[in-house]
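So the protein sequences, as listed, match chains Z and Y.
Numbered by the numbering used here, the letters in the first sequence go through residues 2 to 474 in order.
Numbered by the numbering used here, the letters in the second sequence go through residues 184 to 1235 in order.
FYI, nobody ran anything at the bench for these hints, they're computed from the structure.
Remember, it's a predicted structure, so these values are computed and weren't measured experimentally.
Incorrect hints may appear among the rest.
Facing chain Z, according to a computed beta carbon distance under 7 angstroms, are these residues of chain Y, among others [stated by the list, open to error]:
| hint | residue |
| --- | --- |
| 1 | Arg469 |
| 2 | Ser473 |
| 3 | Ser483 |
| 4 | Asn566 |
| 5 | Asn1126 |
| 6 | Gln1133 |
In the DSS-like style, the derived pairs of lysine-lysine whose C-alpha atoms are separated by at most 27 angstroms in a straight line are [what the hints assert, rightly or not]:
| hint | chain 1 | residue 1 | chain 2 | residue 2 |
| --- | --- | --- | --- | --- |
| 7 | Z | Lys270 | Z | Lys303 |
| 8 | Z | Lys247 | Z | Lys299 |
| 9 | Y | Lys646 | Y | Lys777 |
| 10 | Z | Lys19 | Y | Lys1225 |
| 11 | Z | Lys19 | Y | Lys458 |
| 12 | Y | Lys458 | Z | Lys32 |
| 13 | Y | Lys777 | Y | Lys676 |
| 14 | Z | Lys111 | Z | Lys128 |
| 15 | Z | Lys270 | Z | Lys299 |
| 16 | Z | Lys111 | Y | Lys1035 |
| 17 | Z | Lys32 | Y | Lys646 |
| 18 | Y | Lys479 | Z | Lys128 |
| 19 | Z | Lys111 | Y | Lys479 |
| 20 | Y | Lys646 | Y | Lys544 |
| 21 | Y | Lys794 | Y | Lys225 |
| 22 | Z | Lys173 | Z | Lys299 |
| 23 | Y | Lys811 | Y | Lys676 |
| 24 | Z | Lys318 | Z | Lys270 |
| 25 | Y | Lys1197 | Z | Lys32 |
| 26 | Y | Lys544 | Y | Lys676 |
| 27 | Z | Lys19 | Y | Lys1197 |
| 28 | Y | Lys544 | Y | Lys1225 |
| 29 | Z | Lys318 | Z | Lys173 |
| 30 | Y | Lys925 | Y | Lys982 |
| 31 | Z | Lys303 | Z | Lys173 |
| 32 | Y | Lys722 | Y | Lys657 |
| 33 | Y | Lys777 | Y | Lys657 |
Just so it is clear, CB atoms sit at the ideal spot from N, CA and C, and this is done for glycine as well.
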Amino acid sequence: MTRIFLIIALAMVCGCKKWDDHNAITSEGLKQDLYEQISQDPSLSSFAELLEKSGYAEVIASSKTFTVFAPGNEALATLDPAIVNDPARLKRFVGNHIANQSWFTAPAGKTFNIEMLNGKYLRMQAKTVEDATITTADRYAKNGVIQVVDRMLPALDNTWEALENNTSIPAKQKAYMLSLFRNVFDVTNAEQIGVNPVTGEPIYRPGTDSIRTNIFWRNVHDLRDESRRFTLFVLEDAAWDTEVTKLNPFFVTGTADSTRDLSAWEVVKDFAVDSAYTLQTLPDTLTSVSGVRVPIEKAQIKQTILTSNGVIYVMGKIEVAPERKLLSFRIDAEFYRAQSVDKRGNTFFRDRFNPVTQLAFKDVLVFNHGTSRFNLSYRLQNMYSVKYKVYWVAVNDFQSNNFSQKLGIGTPDATLLDYVTVTPDNYEEVLVGEFTLDAFHPLLDIYLTAANTTNAANSALVCDYIRLEPSFN
Amino acid sequence: MKIILVSVFVLTAGMVAAQTTTGSEDTTLRRATGKGVTVSGKVTDAATRKAAVNVRVGVENFSAAITDADGRFVLNVPSLQSTIFVSGEGYDTRLVSLRGRNNLEVSLLDASAESFSAPVNLPLDTRSKRNVTASAGQYNVNGWQQTAEMPDALLQGRIAGLNAIRRSGVQGAGANLFLRGYNSLYGTNRPLIVVDNMIFDANDYGQSIIANNYTNPLSLIDPRDIDNITVLRDAASIYGAKGANGAIIITTSRTREQATKIDFGAYAGFNIAPKRLPVMNAADYRTYLSEMLGSKGLSSAEIAALPYMNDDPASPFYHSYHYNTDWQSRVMDNSMSNNYYLKVTGGDNIATYGLSMGYMKNEGIMRGTDLSRYSTRFNAVFNFTRKFTGFANLSFTYNEQNLKDQGIADNTAPLFLSLVKSPFMHDREVNNEGVESPNLSDRDSLGISNPTAVIDEMQAYNKYYRFYGTFGFKYDFSDHWNASTTIGIVYDKVRENIFVPGSGLAKDTLPQAIAENRLGSQVKRLYSIYNDTRLEFTKRYNNRHSVAVRVGFRYQKNDAEQDYALGYNSPTDELVSVQNGLAALRQVGGGIGKWNWLNTYLNADYGLMDKYFLSFNMAVDGSSRFGKQAKDGIAINGSKFPVMPSLAAAWLISGEDFMSGSGINLLKLRASYSITANDDIGNYTSRQTYGSQNLLGMQGLVRNGIANPALQWETGKKLNGGLDIAFLQERLNIGLDVYSNKTENMLVYEELPSATGFKTMLTNAGSMQNTGWEATVNARIVNAPKVKWDLGFNVSSYKNRIISVPGGQFTTEYAGATILTANDQPANQFYGYTTNGVYASDAEAAAEGLRKMNNDGTFSTFSGGDVRFIDINKDGEINADDRRVIGDPNPDWTGGITNRILWNRFELNALITFSQGNEVYNYLRYRLESASGVENQLESMNNRWRADGQVTNTPKAAWGDPMGNARFSDRWIEDGSYLRLRTVSLQYYIPIKNGILKNATVYATGNNLITLTKYKGYDPEFSAAGSVFAQGIDAGLDPLFKSVTLGVRIGL
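Excised from the complex, chain Z in its bound form (with noise of 0.2 angstroms):
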């Protein structure tokens, strides 16, 4: 019997521990937590030193996941010590070496954009993390993953900061695009004290329904985006000054002042690109948010300037002749904005096959509206100071007989531009003309006419597209 006690007292020691076999931790890592792992490694206690002093240690010992990417002693002795006595720069800097989640070194060709704590991103590919290497890859924790790095990583200033604060960056451009702070209308703190009666619309309390934003970040790239990648290019102040004058012609105003402000807006909108290029990625020539090729000589790179979310190139010049800045402007006819009398029964949009192109297209055609000089309207906008060739392609292939019809510059029937012969069955752009606009038009309408009858097929209207192409000679 004592042999049997015995044996159920065993097997009662066994039979406890049955949970703690199977429960128990299998790797040494797992059982301490970030923090507590960087604490106990000699070779990283100045960055544990760091996490204390930031504030960070108590968030990497919690129960999230984290990614630590943390530099090496030899690699924080060079830490100014300006950084570790400001406590708000020290927590941006610290954070820059943090990232929510574990992220795991992969094979290389896969990058990883990682969010740090301070909100800048950082890429990792295979054993780098920016320019630094990563030394001693995946330590994993309970909470997560360190990443021993033989560099600090910097908190660099973003690419708007930069552009602010960086003394080397020149006067001229960077005074301008800090002069495009406005007040933009913007929903998003406004608040609603009405509705209009007529419209239906709400209306707001004046002075919350706006907010003060660059339109340089909202018309071409929000600089401060630390998501995304961007490269900006500043030009010389010499450099700048002739680029703007160059580009004075075409926008005939009032005053010099305002001239000069949409020529340097038109020479600027075109230097950022979303896109980070290293000297070595640089390409020759940039596409730019509005459709303008720029031209980079990298023998005119002055100076570089790295930020969190790209990169800034200072340079000495930059070329754009005009017939690069100044697009043509294009119209899809069925795209109207107005009727000059209601004949939507009699208007028929079109999908139709263009031999010429090989291209479908969609186009527009009015018949038998029975109304003479019957038009359709439509809007351009910035319209340059300078010399226009007008084309279209009207596609008569609903009659044999030719009609005519014209483009009324300002008004339906102003007579810059002459009534022309519609011939069945031309696919080709055919030119409509040539007309001046001496001063710069924020606002141009202009019209699509009928011929001066009421008779269906001499009266018809039919367009694919106007395009209006600027011609300097």
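Since chain Z is already given, all that's left is putting chain Y on it; use the hints.
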């Protein structure tokens, strides 16, 4: 375990050796002539070794004498081959074969000792175990020691060969009973249960509307009402087509004396909630969750933006997501039980009666669950005249159960929810300042129900009653002829109601709607009439031949009905009854079952010189279930009747003269062969049936399948051999049995060609075999006047083997497991993938180059952190062909060890049960280590693979488990062996001097106090269903628990 076995055998062997050295005295053969011969002898008390005075000694129907003050007697016997009985007040009755001796020394044990002289209740009569030809075991129930037990569960570990596996820890759930392995795949394997000579229908007809609830009819019987239980392992052909699985004969208590006696018992108990499973705490879980969401494809910014990832206490949802809740303690709790019982017995020489009433309330270890029982029983025996007697046994019991969903019910089973619910949540609503509201929080943002809402707001209750009454008459035409009849009625009704609230719980999806809340009601009824009438002839010729012949019939008419209504979307959670559900979504259904059974039987027993026994039984059965074109059986009037004979013989070797010199008190050889049948083939499966079908708003009838008029009973052929031995004045008794049972015409689902429009059809095309052995040892180890220790040990083992099934093999799916049934192998083996750890790195995985096919036909290759499955057929792909047998739920052996120690006025009873070598599938662990979703996991998942080069045994967290790491594999198969201190009870008989009180006893009982097992679930014992295919699968039913009961019994 082996050591215990060995030590018992060593003990036994030692005793045998000791016995053989005590020599024999007189082996002379002497024949009795004429009036017989004289035998003298002495009877002593085995404990005190003093003379036993006033003990009756005699030969049945011949002579009798009483021992004198020295214990001596002189008796006239017919011959020196006679058997004499020795019987005295307080002593165990002994039958002694003279074997030619004329001088006897008998030392008697006290009445409580286990012996072969004890009477055994058999289907047709009661006789001494010594003269029984069948393999039978009997357990004399002492219900006062184990008041909270159910009659099926209390048989556990008591009878060799009977494997009682408790279903779950729900109060009243009882046990699934398997006698000598399995006899059927799709029919019942439960032995026939007979209570007071009437068949007790222990089926739970129709499914419960409460998930995985089993309404156990045996829970209606109070163990204190049971006198004894006989388990008949073979020769059950007397029960015809219901005897294929043997029989369990329950006899309720009879009144033994005419004096009026009142017994009162009051008990109170404490149930101890099981130890919690080690699921992850809030911190570990949050780390796991963020990894899991990352693998789902959420960016690190999206994960960081989730409210529970925000550690700023000022943020709005900080408080409601920063708890560390132990959900298991929210759904499980210690609880109480109590019961009261009153029994009055008495009578006169015309009639004796016993009346008992009981009340019991057992709370479960799941909060809010309980079982209340109100029971009454009236047993009476009438002596109308000397020749005309009668009896009546009437019982009415009413059960009320508060239940919860359990097992595989992901949205509503509180235990499962408590394991997977994220620990950082709270069960009450919490506002942004961290103030807790009394309102329960709703289903959480991860889509998991609030377990406390299930406990508090979900209603699931069951009201259950059964009237079970028999009465009967017996008329003795002469000393040898008598006729008797028993008439019985069962009326049984189960009413169930559920209400699943909308708030707090995850919503179910119906075909046309979202189920906001669910309501349900069900009524199940069973009405049954029973009659058993027989004519009996018994006679002894010349004291040499004893003959008994009985012929009779049994008739049973059954009528069962089930009606349910399920409703959805009542307007508010306050409207909980089913008529409040949306009319368009209501589902109403049910079923009707009617079946009749007629059993005609013939029994002939013959005994020669009390040494040679022969027993012949035959039954011819008719049943409404059998097909008219059955292959076997005899045809009468167009119906088929199986013929089931059995023959049993026993040779009492110890009665032979040549044994007179040996120290063996009893040696008996038994053999039997019987043919039985199993009629559990479904009421209407042999007929063509039609079911209603809705098609585009038109209602019609469609065929339910192809009729099989040849469908018949399953045939059981049973061969049994047994040996009973007693030594040392019957202080050591051993019983051994070996058997081979074969089931022919076994029901199987045969696959049909798809042109038929049906997938399968039930046929009698299978066969299966069980072979095994059982051993029972009972020993009085210590027999001193003041201390007595009885040790019993029983062990049994079976080997199950499929002889043939159509197609050679098929598989069954249950709880994510695949179960293989194949020729020449056990019927229910786990069939899955084999694993060998986890790939430590991508390179390691690439080196092996294994892949798996996705649902869309593309392939994915395994990588670091995936489970390394073994590619058995070396085709480079892990697919169904790589499965093999990974476990067998059948135990190598099961059994029990009983102990009874008497010391002064104390009595200690202890039962140890064990099951060895059975493998189990841990479904709960499969769910809690599958690492494929937001459910909380076991702490072992902290070891999950995270980075290249990490050597671990736990795969990575991967949303949706794309590589099938959690597939059914040997990861989930565990050793289910256990050894358990099943019941221990200590009682003290208080000395009574007062005249009013006759006796008083206090009880302290513990259940399941110690369990030794390597199994990692809550408890290694569970049986989700009676089916062969559900065995060994821990489907997460509410676990068994420890309990302690204190009680007092007072006799007036």
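Against the earlier hints, flag every one the structure doesn't satisfy and list their numbers going up.
Hint check: 4, 17, 23, 33 fail, others pass.
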